[in-house]
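Visitor: Line by line, the protein sequences give chains L and U. Residues 4 to 113 in our numbering are what the first sequence lists, from first letter to last. Residues -6 to 109 in our numbering are what the second sequence lists, from first letter to last.
Treat the hints with care, as some may be off.
What the hints assert, rightly or not - Derived BS3-like pairs (lysine-lysine); straight-line CA-CA distance at most 27 angstroms:
id, chain 1, residue 1, chain 2, residue 2
1, U, Lys0, L, Lys100
2, L, Lys112, L, Lys100
3, U, Lys0, U, Lys58
4, L, Lys100, U, Lys58
5, L, Lys29, L, Lys73
6, L, Lys73, L, Lys112
Hints were generated in silico from the structure; no laboratory data involved.
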Amino acid sequence: SQQGEEDPQALSIQEGENATMNCSYKTSINNLQWYRQNSGRGLVHLILIRSNEREKHSGRLRVTLDTSKKSSSLLITASRAADTASYFCAENTGGFKTIFGAGTRLFVKA
Amino acid sequence: SAVISQKPSRDICQRGTSLTIQCQVDSQVTMMFWYRQQPGQSLTLIATANQGSEATYESGFVIDKFPISRPNLTFSTLTVSNMSPEDSSIYLCSVDLGQGLGEKLFFGSGTQLSVL
């Protein structure tokens, strides 16, 4: 299978709460990216973390990477109803291919 | 960044027919990627399309079923041939425009295909 795993598969929270999504991958990576997809349409790139980095921030997003455990997490702080979407991690092993994880469906209740 | 126009945005087709999906990028790119997203699933890479050469297909995907054209550096088509209901999916084209290779993909808005 091409895909890594993500958990949870689905997450429902109240507006204002934090949302944490986890991703595990199978091989050594060059970088790991997180994408967002609204309503089954095109994906939007959110953030990239390289294999030699452990944490990155972008606005309300915080990404961590643990290469020893082959895992990453995406934290969205102070969530909003507009954050409702599917979130995918995607691994790159150094070539041109990007392999996507299974995804987490996030629902933020207003 | 890139603007990627993909069409049609959706279609309903009869089994046994073929559908060609078009992807137009507003800048020249070396590689274009075609992904499939089955209902409720993640994205699976179908093939990589380079201008001037045959597309490179991933395991489980073959040229006879998913022929790809790449006539220039801004355009590509994916054809879904001899369709069956199992081909009902979202098909997405994407390009890589990060600072380095494999760092940032931009996606078209996708083609929602339903096969009856």
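Visitor: Are the hints correct? Go through all of them and say.
Guide: Going through the hints against the structure:
1. This hinted pair checks out: Lys0 (chain U) and Lys100 (chain L) have alpha carbons roughly 24 angstroms apart, not beyond 27 angstroms.
2. Our distance criterion of 27 angstroms between C-alpha atoms is broken by Lys112 (chain L) and Lys100 (chain L), whose separation comes to about 35 angstroms.
3. This hinted pair checks out: Lys0 (chain U) and Lys58 (chain U) have alpha carbons roughly 19 angstroms apart, not beyond 27 angstroms.
4. Between the alpha carbons of Lys100 (chain L) and Lys58 (chain U) the distance comes to roughly 21 angstroms, so the proposed pair stays at or under 27 angstroms and holds.
5. Using a Cα cut-off of 27 angstroms, the hinted pair Lys29 (chain L) and Lys73 (chain L) holds, with the two alpha carbons roughly 7 angstroms apart.
6. With a C-alpha separation of about 31 angstroms, the suggested pair Lys73 (chain L) and Lys112 (chain L) falls outside the 27 angstroms cut-off, and the hint is violated.
Figure legend: structure checked against the earlier numbered hints; hints not met, in rising order: 2, 6.
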